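A.B. asks: Model the placement of chain P on the given structure of chain D, informed by the hints.
2 protein chains.
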Amino acid sequence: MTDQAPDFDAAFREKLAQLFAWRRDVRRFREEPVAPEILERLLAVADRAPSVGLSQPWRFVLVDAPAARAAIRASFEACNADALQGYDGDKAALYAGLKLQGLDEAPHQLAVFCDPDPDQGSGLGRRTMPETLDFSAVGAIQTLWLAARAEGIGLGWVSILDPEVLNGALDVPAEWRFIAYLCIGYPATVSDTPELETAGWETRSPVRDRILRR
Amino acid sequence: MTDQAPDFDAAFREKLAQLFAWRRDVRRFREEPVAPEILERLLAVADRAPSVGLSQPWRFVLVDAPAARAAIRASFEACNADALQGYDGDKAALYAGLKLQGLDEAPHQLAVFCDPDPDQGSGLGRRTMPETLDFSAVGAIQTLWLAARAEGIGLGWVSILDPEVLNGALDVPAEWRFIAYLCIGYPATVSDTPELETAGWETRSPVRDRILRR
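These protein sequence lines are chains D and P, in that order.
According to the numbering used here, the first sequence is numbered sequentially starting from 528.
According to the numbering used here, the second sequence is numbered sequentially starting from 528.
With the rest of the complex left out, here is chain D (with noise of 0.2 Å):
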């Protein structure tokens, strides 16, 4: 413990307001691994994301075994093809045209789960809102999603996947929720803009049409 804060001034507050706007959901990647004390470091800044209850809720599993990913990816493609029957028209094909994943490529894959009761916290704060327990994890992927892109390395979360194939698959207790399944490694572009944007699926809208006052 310090009470020396660092100073925060206009310089890296504008670099920071860059990092926000570069960071991209990747699924085009190099195959280049990432340094093992790269990703290490990483998960390191992961966990000094907030918890409720500082109850570090998230459990991070680094999935290299090919049955795993086979799995993981069998699931992937049997979601993707369930999206895509909900779709229509131009509207399908242009699904059925768009890169969602990175899993064949990406060197690193991390599945992130969340303990839905932690001894750490003793059950502070999340009484009346058990999801806030999940809700740290994201907190932690947001923290390594951009301490990630600090370094060039880019990350993609796979959400088309059936839940229930994940802890079976990485053999985890059943009652761990599963949160997210992130491929991580270098990028094989940079862009400042989504690719969801750049094939055309959606445009991002004015934050003035997400603010509200009361």
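Honestly, the hints are just simulated from the structure, not real lab data.
Please note that the accuracy of each hint is not assured.
Quick list of simulated restraints, FRET-style, between CB atoms [as the list claims (entries may be wrong)]:
1) D:562 to P:601: 49 to 55 Å
2) D:565 to P:701: 32 to 38 Å
3) P:698 to D:565: 44 to 50 Å
Keeping only pairs whose Cα atoms sit at most 20 Å apart, straight-line, the calculated EDC-like set for lysine to aspartate or glutamate is [as the list claims (entries may be wrong)]:
4) P:542 to D:646
5) P:626 to P:729
6) P:542 to D:722
7) P:626 to P:604
8) P:618 to D:644
9) P:618 to P:604
10) D:626 to D:719
11) D:626 to D:615
12) D:542 to P:536
13) D:618 to D:604
14) P:542 to D:678
15) P:618 to P:722
16) P:626 to P:534
17) P:618 to D:646
18) D:618 to D:724
19) D:626 to D:689
20) P:626 to P:724
21) D:542 to P:724
22) D:542 to D:719
23) P:618 to P:724
24) D:542 to P:534
25) P:626 to P:609
26) D:618 to P:646
27) P:542 to P:719
28) P:618 to P:729
29) D:618 to D:534
30) D:618 to D:722
31) D:542 to D:678
32) P:542 to D:567
33) P:542 to D:541
34) D:626 to D:567
35) D:542 to P:567
36) P:626 to P:722
37) D:626 to D:541
38) D:542 to P:541
39) D:626 to D:724
40) D:618 to P:644
Owing to the predicted nature of the structure, the values given are computational and were not obtained by experimental measurement.
All residues carry an ideal CB built from backbone N, CA and C; glycine is no exception.
C.D. replies: Okay, now just chain P, sitting in the frame of chain D:
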């Protein structure tokens, strides 16, 4: 769109690591308000968070009305009294002495909701895990938290609330999901140590306890 990617150098990364380390859940605020243009800039930055299918499902409600604030304050009191009943002996005494929110002092209060079925994004990525909409809103909150801290502004997340009270008190659609209630303002103190740790409630544990390999 531009392909002129910024250079995030070692000096920036070091400062960024400090930002992660010095982000705190703040419950003690000075009265001085945050300038409206800074608040708006922070919300615009939060709006750059990742969202499933580029759906931007978060909804920001700036709460100024005394009646709304009073209703939310009352919900905290009721929920916190219930929570205290869950502890015995020394733990109960410790809990009763914790300051868990800054609702009386914070000049700004922001409720965050999630639209559970936004048109934007056309449903992409959330068919098997609809909770990824909520997760997107949480990513926006963590982004806001970090951007605020870089401006010397503190944020405190109040989760000891009855979600059903919030939609009514703030007159937002009943189907919106309440995610978080945030107190915002300049902190009365700064520290790199969580207040729950200083108060003796909980300590952080090593990240290695939360990393598995498969």
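A.B. asks: Run every hint past the structure and note whether it holds.
C.D. replies: Hint check results:
1. D:562 to P:601: 49 to 55 Å: For residue 562 of chain D and residue 601 of chain P the Cβ distance comes to about 53 Å; the hint holds.
2. D:565 to P:701: 32 to 38 Å: The hint (32 to 38 Å, Cβ to Cβ) is violated, given that residue 565 of chain D and residue 701 of chain P are roughly 46 Å apart.
3. P:698 to D:565: 44 to 50 Å: holds (48 Å)
4. P:542 to D:646: violated (33 Å)
5. P:626 to P:729: holds (14 Å)
6. P:542 to D:722: Distance of about 29 Å is beyond 20 Å: violated.
7. P:626 to P:604: Given that 20 Å is the threshold and the Cα spacing comes to 12 Å, the pair holds.
8. P:618 to D:644: holds (18 Å)
9. P:618 to P:604: holds (19 Å)
10. D:626 to D:719: holds (17 Å)
11. D:626 to D:615: holds (18 Å)
12. D:542 to P:536: holds (10 Å)
13. D:618 to D:604: holds (19 Å)
14. P:542 to D:678: holds (13 Å)
15. P:618 to P:722: holds (16 Å)
16. P:626 to P:534: violated (41 Å)
17. P:618 to D:646: Measuring from Cα to Cα gives roughly 14 Å; hence the hint holds.
18. D:618 to D:724: holds (14 Å)
19. D:626 to D:689: The given pair, whose Cα atoms are some 19 Å apart, holds under the 20 Å limit.
20. P:626 to P:724: holds (12 Å)
21. D:542 to P:724: Violated, at roughly 31 Å.
22. D:542 to D:719: Answer holds: residue 542 of chain D to residue 719 of chain D is near 14 Å, not above 20 Å.
23. P:618 to P:724: The given pair, whose Cα atoms are some 14 Å apart, holds under the 20 Å limit.
24. D:542 to P:534: The hint holds at about 9 Å.
25. P:626 to P:609: Distance ~16 Å between residue 626 of chain P and residue 609 of chain P Cα, so the pair holds.
26. D:618 to P:646: Since the Cα atoms of residue 618 of chain D and residue 646 of chain P sit roughly 14 Å apart, the hinted pair holds (cutoff 20 Å).
27. P:542 to P:719: Status holds; Cα separation ~14 Å.
28. P:618 to P:729: Holds, because 11 Å separates the two Cα atoms, which is no more than 20 Å.
29. D:618 to D:534: violated (49 Å)
30. D:618 to D:722: Holds: residue 618 of chain D and residue 722 of chain D sit about 16 Å apart, inside 20 Å.
31. D:542 to D:678: holds (13 Å)
32. P:542 to D:567: Holds, at roughly 18 Å.
33. P:542 to D:541: The given pair, whose Cα atoms are some 13 Å apart, holds under the 20 Å limit.
34. D:626 to D:567: violated (28 Å)
35. D:542 to P:567: It holds: about 18 Å lies between the C-alpha atoms, which stays within 20 Å.
36. P:626 to P:722: holds (9 Å)
37. D:626 to D:541: violated (31 Å)
38. D:542 to P:541: At roughly 13 Å apart (the allowed maximum being 20 Å), residue 541 of chain P and residue 542 of chain D satisfy the hint.
39. D:626 to D:724: Cα-Cα ~12 Å, so holds.
40. D:618 to P:644: holds (18 Å)
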